[in-house]
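Read top to bottom, the protein sequences are chains A and B.
Taking our numbering, I'd label the letters of the first sequence as residues 2 to 596.
Taking our numbering, I'd label the letters of the second sequence as residues 128 to 379.
Incorrect hints may appear among the rest.
Unchecked claim - Computed cross-link-like contacts, BS3-like style, restricted to lysine-lysine with a CA-CA straight-line distance of at most 30 Å:
| # | chain 1 | residue 1 | chain 2 | residue 2 |
| --- | --- | --- | --- | --- |
| 1 | A | K74 | B | K321 |
| 2 | B | K322 | A | K51 |
| 3 | A | K425 | A | K257 |
| 4 | A | K138 | A | K74 |
| 5 | B | K320 | A | K517 |
| 6 | A | K300 | B | K353 |
| 7 | A | K300 | B | K348 |
| 8 | B | K322 | B | K224 |
| 9 | B | K320 | A | K342 |
| 10 | B | K321 | A | K9 |
| 11 | B | K321 | A | K51 |
| 12 | A | K136 | B | K320 |
| 13 | B | K320 | A | K9 |
| 14 | A | K74 | B | K320 |
| 15 | A | K300 | B | K358 |
| 16 | A | K300 | B | K157 |
| 17 | A | K207 | A | K353 |
| 18 | B | K157 | B | K224 |
| 19 | A | K342 | B | K358 |
| 20 | A | K74 | A | K51 |
| 21 | A | K353 | A | K425 |
| 22 | A | K63 | A | K207 |
| 23 | A | K569 | A | K483 |
| 24 | A | K51 | B | K157 |
| 25 | B | K322 | A | K342 |
| 26 | A | K136 | A | K342 |
| 27 | B | K322 | A | K9 |
| 28 | A | K51 | B | K320 |
| 29 | A | K517 | B | K353 |
| 30 | A | K74 | B | K322 |
| 31 | A | K138 | A | K342 |
| 32 | A | K9 | A | K228 |
| 33 | B | K157 | A | K9 |
| 34 | B | K157 | A | K74 |
To be clear, the hints were calculated from the coordinates, so they are not data collected in a lab.
Remember, it's a predicted structure, so these values are computed and weren't measured experimentally.
One-letter residues, chain by chain:
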Amino acid sequence: MSNPATEKMRRVTGGSFLIEDLAPEDIFTLEDLSDVQRQIERTTIDFAEKQVQPQIAAIEAKDFSVMKGLLRKAGDLGLMAIDVPQEYGGFDMDKVTSALIAEKIAICGSFSVAFSAHVGIGTLPLIWYGTAQQKEKYLARLASGEWVAAYALSEASSGSDAMNIRTRATLSADGKHYVLDGEKMWISNAGIANLFTVFAKIDGEKFAAFLIESGTAGLTVGPEEHKLGIRGSSTCPLILADCHVPKENLLGEAGKGHHIAFNILNVGRYKLGAAAIGGAKYSFRSGVRYARERIAFSKPITSFGLVQQMIADSAAGIFAGESLVYRVIGAIDASLAERDKTAANNTAEIQKHIEEYAVECSILKVWCSEMLERVVDQMLQLHGGYGYVEEYPAERAYRDSRINRIFEGTNEINRLIITGWMMKRAMQGRLALLPAIQRVMDEIMAGPTPREEREGELADQHFLLANAKKLSLFCAGAASQKFGSGLVDEQEIMGALADMIMEVLVLESAILRTEKMQGSSPLAVLMVKCYAARSFRVVETAGERVLGAVAEGDMLRTRMTILRRLTKHEPENTVALGREIATAMTAAGRYTLQI
Amino acid sequence: MRILTLIRQVLDAEETVHIRSGEIDLNGSKLVVDTMDEYGVEQALRIRDSGVDVEVVALAVGPERNQEALRTVLSMGADRAIHVMTELALDPIPLSKVAAQIAQQERIDLIFCGGQQSDWDSHALGAATAERLQLPQVTWVSALEVHGQTLTGRHDVDDGSEMFSVQLPAVITTQQGLGEPRYPTVPNIIRAKKKELRIETLDQFHVDLKLNVLGAAVQAKARLHKILDGKDAPAAAAELVELLRNEARVIP
Numbered sequence: 002m003s004n005p006a007t008e009k010m011r012r013v014t015g016g017s018f019l020i021e022d023l024a025p026e027d028i029f030t031l032e033d034l035s036d037v038q039r040q041i042e043r044t045t046i047d048f049a050e051k052q053v054q055p056q057i058a059a060i061e062a063k064d065f066s067v068m069k070g071l072l073r074k075a076g077d078l079g080l081m082a083i084d085v086p087q088e089y090g091g092f093d094m095d096k097v098t099s100a101l102i103a104e105k106i107a108i109c110g111s112f113s114v115a116f117s118a119h120v121g122i123g124t125l126p127l128i129w130y131g132t133a134q135q136k137e138k139y140l141a142r143l144a145s146g147e148w149v150a151a152y153a154l155s156e157a158s159s160g161s162d163a164m165n166i167r168t169r170a171t172l173s174a175d176g177k178h179y180v181l182d183g184e185k186m187w188i189s190n191a192g193i194a195n196l197f198t199v200f201a202k203i204d205g206e207k208f209a210a211f212l213i214e215s216g217t218a219g220l221t222v223g224p225e226e227h228k229l230g231i232r233g234s235s236t237c238p239l240i241l242a243d244c245h246v247p248k249e250n251l252l253g254e255a256g257k258g259h260h261i262a263f264n265i266l267n268v269g270r271y272k273l274g275a276a277a278i279g280g281a282k283y284s285f286r287s288g289v290r291y292a293r294e295r296i297a298f299s300k301p302i303t304s305f306g307l308v309q310q311m312i313a314d315s316a317a318g319i320f321a322g323e324s325l326v327y328r329v330i331g332a333i334d335a336s337l338a339e340r341d342k343t344a345a346n347n348t349a350e351i352q353k354h355i356e357e358y359a360v361e362c363s364i365l366k367v368w369c370s371e372m373l374e375r376v377v378d379q380m381l382q383l384h385g386g387y388g389y390v391e392e393y394p395a396e397r398a399y400r401d402s403r404i405n406r407i408f409e410g411t412n413e414i415n416r417l418i419i420t421g422w423m424m425k426r427a428m429q430g431r432l433a434l435l436p437a438i439q440r441v442m443d444e445i446m447a448g449p450t451p452r453e454e455r456e457g458e459l460a461d462q463h464f465l466l467a468n469a470k471k472l473s474l475f476c477a478g479a480a481s482q483k484f485g486s487g488l489v490d491e492q493e494i495m496g497a498l499a500d501m502i503m504e505v506l507v508l509e510s511a512i513l514r515t516e517k518m519q520g521s522s523p524l525a526v527l528m529v530k531c532y533a534a535r536s537f538r539v540v541e542t543a544g545e546r547v548l549g550a551v552a553e554g555d556m557l558r559t560r561m562t563i564l565r566r567l568t569k570h571e572p573e574n575t576v577a578l579g580r581e582i583a584t585a586m587t588a589a590g591r592y593t594l595q596i
Numbered sequence: 128m129r130i131l132t133l134i135r136q137v138l139d140a141e142e143t144v145h146i147r148s149g150e151i152d153l154n155g156s157k158l159v160v161d162t163m164d165e166y167g168v169e170q171a172l173r174i175r176d177s178g179v180d181v182e183v184v185a186l187a188v189g190p191e192r193n194q195e196a197l198r199t200v201l202s203m204g205a206d207r208a209i210h211v212m213t214e215l216a217l218d219p220i221p222l223s224k225v226a227a228q229i230a231q232q233e234r235i236d237l238i239f240c241g242g243q244q245s246d247w248d249s250h251a252l253g254a255a256t257a258e259r260l261q262l263p264q265v266t267w268v269s270a271l272e273v274h275g276q277t278l279t280g281r282h283d284v285d286d287g288s289e290m291f292s293v294q295l296p297a298v299i300t301t302q303q304g305l306g307e308p309r310y311p312t313v314p315n316i317i318r319a320k321k322k323e324l325r326i327e328t329l330d331q332f333h334v335d336l337k338l339n340v341l342g343a344a345v346q347a348k349a350r351l352h353k354i355l356d357g358k359d360a361p362a363a364a365a366e367l368v369e370l371l372r373n374e375a376r377v378i379p
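Let the hints inform the model, and build the full structure from the sequences given.
What follows is the structure, encoded as structure tokens:
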């Protein structure tokens, strides 16, 4: 089941946002949710606010019986079975729905991580790679929350470089078991899981995944880690010593385990983006509610400009993030709607369609985790001293958000993926990046051109977006001219290019969404203007960084002239915009699109 | 047995009321099924769950957006829904006329209605509907069981409760204390999409609107920002009492 709106939507290829311009009707937005999606969203909100929230203290105190009970309740409501095929008790629904659930459940970091680890990395490998017998045996139990799942890939000496795992598997003499030896680290849900997906190399060579039930002899869960945040979620090492796993529990093909590891990551990344939006909205709500009650100098502090600035900046970030997340996941759904659902290998088709948007998935991961961090930081700040103590939720939100920049691939690894993926696609001729760079170069070399006339309330923002695209292509061209394929080793430049690429996608999503709303939210217009001003500064700064590193002397001066030409614009009055946004948010006491 | 549950869609308790040109503006605000009505739906579903052969029908009278509320109730488990569409704001008396006619058409045995409308606080809809149908009514019900054609239960009074039994058909007004309303689960939400939601027009019910709302205002809460000089404590206390009595008028 999916949203009819996405089925009608134009299909776009991954990464094409940098070289193509879309119209508002080409993108999916939160305003396009179907009735069913809205109702599932509502059920999730009610569950999170009425069931999870009152238990936060018990969750944070690592009372795992509470955590398991809540996971079971979420299972009873059907929230864990969205991606599960119907023949195994699931609903096989669209990805926007599962993203909405991830967003709304994210009011408590610990619970959100346990939930996501279970439905994502815990359950998806089985859905995608399990044999009929394996699914028959485990899937319905996972989908109902009766069993909790965990995923064990990382080791003490291999995190981002997952291919270097040392855990070994050897076929037993009688050929009936694989015998696993090794140690896994930072395994989410380890202390409460009934089923582990464990990665090992068969004979030290063939990368493979195994389904291991808790209680299997030779499998030991180590002590809980003492973490900075998400303290209520279980994170432990896993020790495998002469652990006999039945041969039938090999998941997927021997030697192809890395496909499982990498394909699952794309889903983990876009869902992390959605969860970050939910976390940011929740933090925003408690921050604004605190601020409007807090009196200083006989006035609520929300009447002060610098407090309003934090509120407005956070709100604009959330708005841009929502636009980004649902645009991308909507595009994935539109692509998935085209697949042949009756095909024997339906799950391979699903992965292929998601893999197409790998660069967007990484952008959601990086950008949303950093937006969340900015929001929780500002919300803590406006609490003053109260933000620094455990009495208010701001302190926990601040600690809990930090993990998002680390797991599902660090933001550094993901920045390299973003630029690297675009380069690879360009080299393969699958993305017309090189002709686009050439066009921009030709246009620039032809000298200054008058600004394109454009009608509409967001004409200035469209101008910034168009120039952000040009500048990104120009800088990417300049960098590859200097380093060629050696650019992949210039990580700082790859990172700066990734920043530019990300902002192009975010800004475009926010502008197109606002236009699709056709004036129904004056507040969206204010926020997109506010966000565009900030976004363009990021692009400009990153562009300078790239150019400064790839040229010097006259060449650098010429290029900087071009950069100045592309970045020249009159600033918006972001002070006035910020005040208006903050006033509306303060009155609503939460993030809202309606004044 | 057929049960009718009356549904009203109201502003979520967490939301701020916005007034625009003298009218309450619900645009963009979060609207929900009135909690008391939800208790009625839950009770109807529990009767069905207990094994009694029951059809649960939900009714809402109001603007198009009411269908969201009815969809929610269908997703909770109601069997079908009827929406009498109108942009007019009906007070409980004309509203009861619609409810009574639907109850007759549908041969309803038991009507559930939230005891208190969170947006009008009138307590009148259940009583008026019962009066029009000449049915017994029990208010403030906090426990309920069905035995054939008899209902038994508890009716709350100020400092305690009374037990009652009543013959069907009857009207019951609900309140907190009955079973906690269930969440619509994902499978029920999917199933609800296929359930019948019948749309009717208001004119066939011949309601006569005698009460008109002329305007609305939100109570303004202004802070006086008055700071008393506390150096002389007894004098400050006396001044405070004086202000509370004569200016704020909160003590006699």
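Here's how the hints hold up against the structure:
1. K74(A) x K321(B): The given pair, whose Cα atoms are some 25 Å apart, holds under the 30 Å limit.
2. K322(B) x K51(A): Within the cut-off at roughly 28 Å; holds.
3. K425(A) x K257(A): holds, 22 Å
4. K138(A) x K74(A): holds, 21 Å
5. K320(B) x K517(A): Satisfied, since the Cα-Cα distance of roughly 27 Å is no more than 30 Å.
6. K300(A) x K353(B): Since the Cα atoms of K300(A) and K353(B) sit roughly 12 Å apart, the hinted pair holds (cutoff 30 Å).
7. K300(A) x K348(B): Roughly 14 Å between the alpha carbons, so the hint for K300(A) and K348(B) holds.
8. K322(B) x K224(B): holds, 26 Å
9. K320(B) x K342(A): holds, 22 Å
10. K321(B) x K9(A): holds, 22 Å
11. K321(B) x K51(A): Given pair K321(B), K51(A) holds - Cα atoms ~28 Å apart, limit 30 Å.
12. K136(A) x K320(B): holds, 29 Å
13. K320(B) x K9(A): holds, 20 Å
14. K74(A) x K320(B): Holds, at roughly 23 Å.
15. K300(A) x K358(B): holds, 23 Å
16. K300(A) x K157(B): Distance ~29 Å between K300(A) and K157(B) Cα, so the pair holds.
17. K207(A) x K353(A): Within the cut-off at roughly 23 Å; holds.
18. K157(B) x K224(B): Given pair K157(B), K224(B) holds - Cα atoms ~28 Å apart, limit 30 Å.
19. K342(A) x K358(B): violated, 80 Å
20. K74(A) x K51(A): holds, 12 Å
21. K353(A) x K425(A): holds, 17 Å
22. K63(A) x K207(A): Outside the cut-off at roughly 37 Å; violated.
23. K569(A) x K483(A): Measuring from Cα to Cα gives roughly 26 Å; hence the hint holds.
24. K51(A) x K157(B): Judged against 30 Å, a Cα distance of about 17 Å means the pair holds.
25. K322(B) x K342(A): Since the Cα atoms of K322(B) and K342(A) sit roughly 26 Å apart, the hinted pair holds (cutoff 30 Å).
26. K136(A) x K342(A): holds, 19 Å
27. K322(B) x K9(A): holds, 25 Å
28. K51(A) x K320(B): Given that 30 Å is the threshold and the Cα spacing comes to 25 Å, the pair holds.
29. K517(A) x K353(B): Given that 30 Å is the threshold and the Cα spacing comes to 49 Å, the pair is violated.
30. K74(A) x K322(B): holds, 26 Å
31. K138(A) x K342(A): holds, 23 Å
32. K9(A) x K228(A): Roughly 45 Å between the alpha carbons, so the hint for K9(A) and K228(A) is violated.
33. K157(B) x K9(A): Judged against 30 Å, a Cα distance of about 28 Å means the pair holds.
34. K157(B) x K74(A): Satisfied, since the Cα-Cα distance of roughly 25 Å is no more than 30 Å.
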